[in-house]
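Below are the chains, spelled out letter by letter.
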Amino acid sequence: MGEEVNRLKLRKLQQTGAFSLLWFTGAVSVLIMLFVVGYVIMKGFAHLTPDFFTTPPRGGLSGEGGISSTIVATVYLVICTLIVATPLGISAGIFLVEYADNLKSRVIKKFVALARFGVETLAGVPSIIFGLFGYALFVTAMHFGFSILSAALAGSCLVIPVIIRTTEEALKAVPDSYRQASLAMGASRWETIRKVVLPSAVNGISTGLILSAGRIVSETAIFYVTLGGSYRTPTSIMSSGRTMALHVYYLAMETRAFDKAMATGAVLVLLIIIINLVINVISRRLSAKTGS
Amino acid sequence: MARLSSPPRVTSRSTERGRPAKVTGKQRVESVVKYIFLFSALMSILIVVMIGIFTFREAIPAFREIGIIKLLTGTVWRPGQGQYGILAMIAGSGLVTLGAVIIGVPLALGCAIFLSEIAPPAVRSIVRPSIELLAGIPSVVYGLFGMVVIVPLVRNIDVPGNTGFGLLSASIVLAVMILPTISSVSEYAIRSVPKRFREGSLAMGATKWETLTNVILPGAKSGIMSAIILGLGRALGETIAMIMVIGNSVIIPFAASDNPLSIFLSRARTLTGNIAVEINYATGLHESALFATGVVLFALIMIMNSSARILIGRRKWEKK
Chain A
3 MGEEVNRLKL RKLQQTGAFS LLWFTGAVSV LIMLFVVGYV IMKGFAHLTP
53 DFFTTPPRGG LSGEGGISST IVATVYLVIC TLIVATPLGI SAGIFLVEYA
103 DNLKSRVIKK FVALARFGVE TLAGVPSIIF GLFGYALFVT AMHFGFSILS
153 AALAGSCLVI PVIIRTTEEA LKAVPDSYRQ ASLAMGASRW ETIRKVVLPS
203 AVNGISTGLI LSAGRIVSET AIFYVTLGGS YRTPTSIMSS GRTMALHVYY
253 LAMETRAFDK AMATGAVLVL LIIIINLVIN VISRRLSAKT GS
Chain B
179 MARLSSPPRV TSRSTERGRP AKVTGKQRVE SVVKYIFLFS ALMSILIVVM
229 IGIFTFREAI PAFREIGIIK LLTGTVWRPG QGQYGILAMI AGSGLVTLGA
279 VIIGVPLALG CAIFLSEIAP PAVRSIVRPS IELLAGIPSV VYGLFGMVVI
329 VPLVRNIDVP GNTGFGLLSA SIVLAVMILP TISSVSEYAI RSVPKRFREG
379 SLAMGATKWE TLTNVILPGA KSGIMSAIIL GLGRALGETI AMIMVIGNSV
429 IIPFAASDNP LSIFLSRART LTGNIAVEIN YATGLHESAL FATGVVLFAL
479 IMIMNSSARI LIGRRKWEKK
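Line order of the protein sequences matches chains A and B. Taking our numbering, the leading residue of the first sequence gets 3, the next gets one more, and so forth. Taking our numbering, the leading residue of the second sequence gets 179, the next gets one more, and so forth.
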């Protein structure tokens, strides 16, 4: 009997040991996050003056100046990328959820399988490959040069799978009874999608767009090889430019202006935190609505 | 049906028989819309195919003039003298990924188990958003953090020639970057082990920990494997952060002291870094060799991702 009790104690002890180790890993990951985010924001904060946001970088090797032109370039690029990627991504998502399952034609079913494979593959392609592709096709072959246009086209490859996936999720969350009710009233499928399904999925889809904007803001590799990196304010879609993320890279690697790089990095991190918060709020409101 | 009886006039769309006469316009809209959507859905595969074609086409001169074997096994990369071997970059990418896995996988798996099995909801609602935030931090910020914080720390290790820039710093940075991927995919895998397995084990008198190691983790094994492979894919594909901390020297990493582990203090260059650093000024065969580097990277990652997908699809308990 005593031996049994001892073995049980040993097993319990083993469990306590293992669980404390697991608690430790959880704590470590939070600490890593706090350390990285805290360090960048603390170090960068000192340089975040209003001037920093309103003056352009001085250029050259000085690393002086602010980040105004890079903010303009970032906003410009985000808008252009979303203009290209949003219609494609949302309509692909609609097809995969609303049409793909009740198809009769075998050929189209094959196409659907291909499309699904495409989305999954695209989501796994590393960004430098998109950059390489954009460089070969848009910058060189199509003579768009290093420009916002080339960068937006290459960047949309990165966010299309993001938009497709979030659109799919959002559409799947719309209860089937909505569709059935609308179809029973005599509405066609497209009318049902346009007037019933999409309005109830709009919040979910918008998280996808916000997420995509975040991906463009934080992406560097693609734009390093397609955007050119000019520190001047872009004036048209054919201008070269540098996003804030790219500016961090140039400051750190070429001018070694680590203070300014940290400050720009802090702006980026703050933006990403805001984006994460917004997405969390929207999805929490969504799950409260659907009751799941 | 509509053929059998043809009514003289169609008044209401609700009469099934009269449909073809009046509603064709609407039906045409329906099918046009459907094909537009189908086309958009096919865009993604089209992009993948175009990426394949374009990178491969640009790489053909390199494959033809240098030769695939020579390209893959050549140890010298000197574009100026027409020497294009990417073995050093393959070694660099491989070693930095290995390092990231050694550091990152235990931490990520620990987090996944912690989040899915033992964390109270309140704690979970702190840890999970923290990990999500780690996933969102731009890689250039990780690179900067690596340069400013980790490289100086690594520089303190006393080995000849150690500058701090190199595989170890890069592996540490990369480990943090792949943590969210591995952790969230494995958490999902652990959660999808059916409840009845767990209940059965607990009812037999096993402790929670024994249930975890003997029942749940074996059940989630293929999902966890695929999580790790996805993490490997992300690690291989990371570019900017690697350029910033790995030193970018084209050398096959070597151990500078008696301790073989000091190989991780060696500078290196990754496949991704090779492309990014040189593509903007490369011309001719040099440019083509960089595209060939891209093809090698693309192929490696496609292999990894498809094996991860196969593993995810394979779940023992779902076969029945």
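These aren't lab readings, by the way, just hints derived from the structure by calculation. From the three backbone atoms N, C-alpha and C, an ideal C-beta is built for every residue, glycine too. A portion of the hints provided could be inaccurate.
[Claimed, not checked] Once the Cα atoms are required to be at most 16 Å apart in a straight line, the calculated EDC-like pairs of lysine to aspartate or glutamate come out as:
#	chain 1	residue 1	chain 2	residue 2
1	A	Lys-174	A	Asp-103
2	B	Lys-204	A	Asp-103
3	B	Lys-212	A	Asp-261
4	A	Lys-197	B	Glu-208
[As the list claims (entries may be wrong)] Chain B is nowhere near these chain A residues, computed Cβ spacing over 12 Å in every case:
#	residue
5	Leu-10
6	Thr-18
7	Glu-66
8	Pro-177
9	Val-204
10	Asn-205
11	Tyr-233
12	Thr-235
Taking the hints in turn, this is what the structure says about them:
As the CA atoms of Lys-174/A and Asp-103/A are separated by approximately 12 Å, the hinted pair is consistent with the 16 Å bound. Using a Cα cut-off of 16 Å, the hinted pair Lys-204/B and Asp-103/A is violated, with the two alpha carbons roughly 22 Å apart. For the hint linking Lys-212/B to Asp-261/A, the alpha-carbon distance of about 53 Å lies beyond 16 Å, and the restraint is violated. At most 16 Å may separate the alpha-carbon atoms for a hinted pair to count; Lys-197/A and Glu-208/B meet this at roughly 14 Å.
Not every CB of chain B lies more than 12 Å from the CB of Leu-10/A, the least distance being 9 Å, so the non-interface label is violated. Listed as a non-interface residue, Thr-18/A fails to keep its Cβ farther than 12 Å from every Cβ of chain B; the least gap is roughly 9 Å. Listed as a non-interface residue, Glu-66/A keeps its Cβ farther than 12 Å from every Cβ of chain B; the least gap is roughly 18 Å. With 12 Å as the threshold on Cβ separation, the claim that Pro-177/A sits away from chain B holds: the shortest Cβ distance comes to roughly 21 Å.
Listed as outside the interface, Val-204/A is consistent with that label: its C-beta sits roughly 17 Å from the nearest C-beta of chain B, beyond the 12 Å cut-off. Distance check on Asn-205/A: its Cβ is at least 19 Å (rounded) from any Cβ of chain B, clearing the 12 Å threshold; non-interface status holds. With a closest Cβ-Cβ approach of about 16 Å to chain B, Tyr-233/A is found to remain outside the 12 Å limit, as its non-interface label requires. Against the 12 Å criterion, Thr-235/A stays outside the reach of chain B, whose nearest CB is about 21 Å from its own CB.
Hints 2, 3, 5, 6, counting from the list given before, are not met by this structure.
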